[in-house]
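Chemist: Given next are the chains, with one letter for each unit.
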Amino acid sequence: MEFKEVIGRRRTIRFFEPDKPVPREKIQVMLEAALLASCAVNAHWLKAVVVERDKLPQDKLDKLKTPVADIALDLAPVHIYFFVDLGVVNRNQGTRLRQLVDVGALPPTHGWSHRFVDEMVYPQILKPLTESPAYVAAAAADAGMAACQALLAGVDEGLGVAMNTPNPEIIQSVFEVPQDWLSLWVLLVGYPAESWEAGGQRPRPPFEEQFFEGKYGVPFKRDPAVVEQLKAAKMIQRAAVPNDPARKAEIKALAERLGLPL
Amino acid sequence: MELKPLLEYESVRNWLDGLRAHWGGDPANDDPERLPLLQAFCDFAGTDPDTVIGECVRIDKAGDRRISIKGRRKYAALIDEFQTASEESRLRKAKRGNTIRSFLIHNGILLAAGAQLAKKA
Numbered sequence: 000m001e002f003k004e005v006i007g008r009r010r011t012i013r014f015f016e017p018d019k020p021v022p023r024e025k026i027q028v029m030l031e032a033a034l035l036a037s038c039a040v041n042a043h044w045l046k047a048v049v050v051e052r053d054k055l056p057q058d059k060l061d062k063l064k065t066p067v068a069d070i071a072l073d074l075a076p077v078h079i080y081f082f083v084d085l086g087v088v089n090r091n092q093g094t095r096l097r098q099l100v101d102v103g104a105l106p107p108t109h110g111w112s113h114r115f116v117d118e119m120v121y122p123q124i125l126k127p128l129t130e131s132p133a134y135v136a137a138a139a140a141d142a143g144m145a146a147c148q149a150l151l152a153g154v155d156e157g158l159g160v161a162m163n164t165p166n167p168e169i170i171q172s173v174f175e176v177p178q179d180w181l182s183l184w185v186l187l188v189g190y191p192a193e194s195w196e197a198g199g200q201r202p203r204p205p206f207e208e209q210f211f212e213g214k215y216g217v218p219f220k221r222d223p224a225v226v227e228q229l230k231a232a233k234m235i236q237r238a239a240v241p242n243d244p245a246r247k248a249e250i251k252a253l254a255e256r257l258g259l260p261l
Numbered sequence: 000m001e002l003k004p005l006l007e008y009e010s011v012r013n014w015l016d017g018l019r020a021h022w023g024g025d026p027a028n029d030d031p032e033r034l035p036l037l038q039a040f041c042d043f044a045g046t047d048p049d050t051v052i053g054e055c056v057r058i059d060k061a062g063d064r065r066i067s068i069k070g071r072r073k074y075a076a077l078i079d080e081f082q083t084a085s086e087e088s089r090l091r092k093a094k095r096g097n098t099i100r101s102f103l104i105h106n107g108i109l110l111a112a113g114a115q116l117a118k119k120a
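First to last, the protein sequences are chains A and B.
Under numbering that gives the first Met the number 0, the first sequence has 166 at position 167, and the numbering climbs by one with no breaks.
Under numbering that gives the first Met the number 0, the second sequence has 64 at position 65, and the numbering climbs by one with no breaks.
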C-alpha cells in the first residue's frame with residue numbers, strides 16, 4: 000500500500016474478529032517500524048509488551064479493563080502494551096548519542112563531538128531534563144511517535160488497529176515491568192470485523208483552525224488543488240456522516256453477531 | 000414490588016428516546032421483548048427503573064452529575080446474574096443482559112460487559 004493510502008485508510012477499529020489469529024510476523028513488522036521511528040537524542044523511551052489475549056488469564060484481562068476499554072480488549076486477539084521507559088536517559092548517559100556521532104548522523108559540521116556529548120549534553124542538558132516537570136511529557140511524546148509508526152505499519156499489513164487506554168493503576172503489576180516504566184497506551188491489533196472503511200474518515204476540525212503560518216492567528220491556507228491530489232492518492236477519503244444508514248446497519252449486524260448491546 | 004406501567008418512568012422514556020434518536024424506528028414496539036425484559040429485570044432486582052438509574056448516579060460537591068462506581072458495579076453484577084439465570088442459548092442470554100445494559104447506556108451510564116461470544120468458557 001502506498002504511504003498516503005496507509006494514512007488515509009487508518010481507522011480506530013472497534014470491532015475485531017475475536018478468533019482470527021494475527022500472524023506473529025505482522026506483529027514483528029509493527030515493532031520493527033516502532034524501532035525505526037524518529038527519536039530525540041536516540042534515547043528510545045518506547046518499550047512494549049506484546050500479549051496474545053487468550054494467553055492472558057481472565058482475571059488479569061479483567062483487571063486491565065476500564066469502562067471504555069472493555070469490549071475492545073475482549074475482541075482484539077493481540078494487545079501491545081506501550082510504556083515510556085523514564086530511566087533510559089540516565090542509564091545510557093549519552094552512549095546512544097555518541098553512537099550517532101560515530102556514524103556521522105551528528106557530525107562536527109553541526110557542532111557535535113564525543114566530548115560535547117560527555118561534558119555538555121548529558122550532564123548539563125539531559126540529566127537535568129530528567130529531573131524537570133517537562134520530562135515526562137517530552138518522553139511520552141517521543142514514545143507516542145514510535146507507537147504511531149507501529150500502528151501505521153499494522154494498517155499497511157492489512158490489520159485493524161486501535162489505541163486504547165488500559166487501567167494504568169495495575170498495569171505495572173500485571174506485566175511486572177520496572178517501576179520507572181510509565182504506562183502509555185495499549186495498541187489493539189486484529190483483523191477488522193467491521194468493514195475497513197468503518198463508516199468513513201472521522202470528523203476533523205477545519206484545517207485552518209489547527210494550523211498557522213508565521214504566527215498564531217494566521218491560518219495556513221489550505222490549497223484545494225492539494226486536497227484533490229490527496230483524494231486521488233486515497234489519503235483523504237469519504238468522510239463519515241451522521242446517521243449513515245449503511246453504518247447503522249453494519250453496527251447492528253456486528254452487535255447481533257458479537258452479542259453487544261444497542 | 001408493584002411497578003407502574005413502564006412508560007410512566009422517566010428513565011424508560013429516556014431509554015426509548017435514546018434508542019429512537021440513535022437507531023430510528025419505534026423502540027417501544029419494534030422489539031416486543033424489550034419492555035418485558037426490563038420488567039423482568041426489575042422484578043428480579045426488586046426495584047423500579049428510575050431507582051436503578053438513580054442508584055447509578057451521584058451528585059458531586061459542585062452539583063455535577065457523576066456515575067456512581069458503587070451503583071454501577073452493583074447493577075453490572077445484577078445484570079450478569081439476570082443474564083445467566085436464564086436456561087436459554089448463549090445468544091438469548093446475551094440478549095437478556097444486553098437489553099438491560101442498553102437501558103443503562105441510553106440513560107448515560109456507560110456499562111460494558113465485554114463481547115458475549117468472545118468470553119472464555
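To be clear, the hints were calculated from the coordinates, so they are not data collected in a lab.
Note that the structure is predicted; figures quoted are calculated from it, not measured.
C-beta atoms are modelled at their ideal positions from N, C-alpha and C, and glycine is treated no differently.
Some hints here could point you the wrong way.
[Said to hold, decoys possible] To list a few chain B residues with every Cβ distance to chain A over 10 angstroms, as calculated:
1. G23
2. G45
3. R71
4. A84
[To be verified] Below, in silico cross-link-like pairs of lysine-lysine (DSS-like), each with a Cα-Cα straight-line distance of 30 angstroms or less:
5. A/K46 x A/K62
6. A/K251 x A/K214
7. B/K92 x A/K19
8. A/K220 x A/K230
9. B/K92 x A/K64
10. B/K73 x A/K64
11. B/K3 x B/K73
12. B/K73 x A/K62
13. B/K73 x A/K54
14. B/K3 x A/K64
15. A/K64 x B/K69
16. A/K59 x B/K69
17. A/K247 x A/K220
18. B/K3 x A/K62
19. A/K59 x B/K92
20. B/K60 x A/K251
21. A/K251 x B/K92
22. A/K59 x B/K73
23. B/K92 x A/K247
Chemist: Would you mind marking each hint as holding or not holding in the structure?
Modeler: Here is what the structure says about each hint:
no.: 1; hint: G23; result: violated, 8 angstroms
no.: 2; hint: G45; result: holds, 23 angstroms
no.: 3; hint: R71; result: violated, 8 angstroms
no.: 4; hint: A84; result: holds, 17 angstroms
no.: 5; hint: A/K46 x A/K62; result: holds, 21 angstroms
no.: 6; hint: A/K251 x A/K214; result: violated, 47 angstroms
no.: 7; hint: B/K92 x A/K19; result: holds, 24 angstroms
no.: 8; hint: A/K220 x A/K230; result: holds, 18 angstroms
no.: 9; hint: B/K92 x A/K64; result: holds, 23 angstroms
no.: 10; hint: B/K73 x A/K64; result: holds, 17 angstroms
no.: 11; hint: B/K3 x B/K73; result: holds, 23 angstroms
no.: 12; hint: B/K73 x A/K62; result: holds, 17 angstroms
no.: 13; hint: B/K73 x A/K54; result: holds, 29 angstroms
no.: 14; hint: B/K3 x A/K64; result: violated, 37 angstroms
no.: 15; hint: A/K64 x B/K69; result: holds, 17 angstroms
no.: 16; hint: A/K59 x B/K69; result: holds, 21 angstroms
no.: 17; hint: A/K247 x A/K220; result: violated, 35 angstroms
no.: 18; hint: B/K3 x A/K62; result: violated, 39 angstroms
no.: 19; hint: A/K59 x B/K92; result: holds, 25 angstroms
no.: 20; hint: B/K60 x A/K251; result: violated, 39 angstroms
no.: 21; hint: A/K251 x B/K92; result: holds, 17 angstroms
no.: 22; hint: A/K59 x B/K73; result: holds, 21 angstroms
no.: 23; hint: B/K92 x A/K247; result: holds, 23 angstroms
Of the numbered hints stated above, those contradicted by the structure are hints 1, 3, 6, 14, 17, 18, 20, listed in ascending order.
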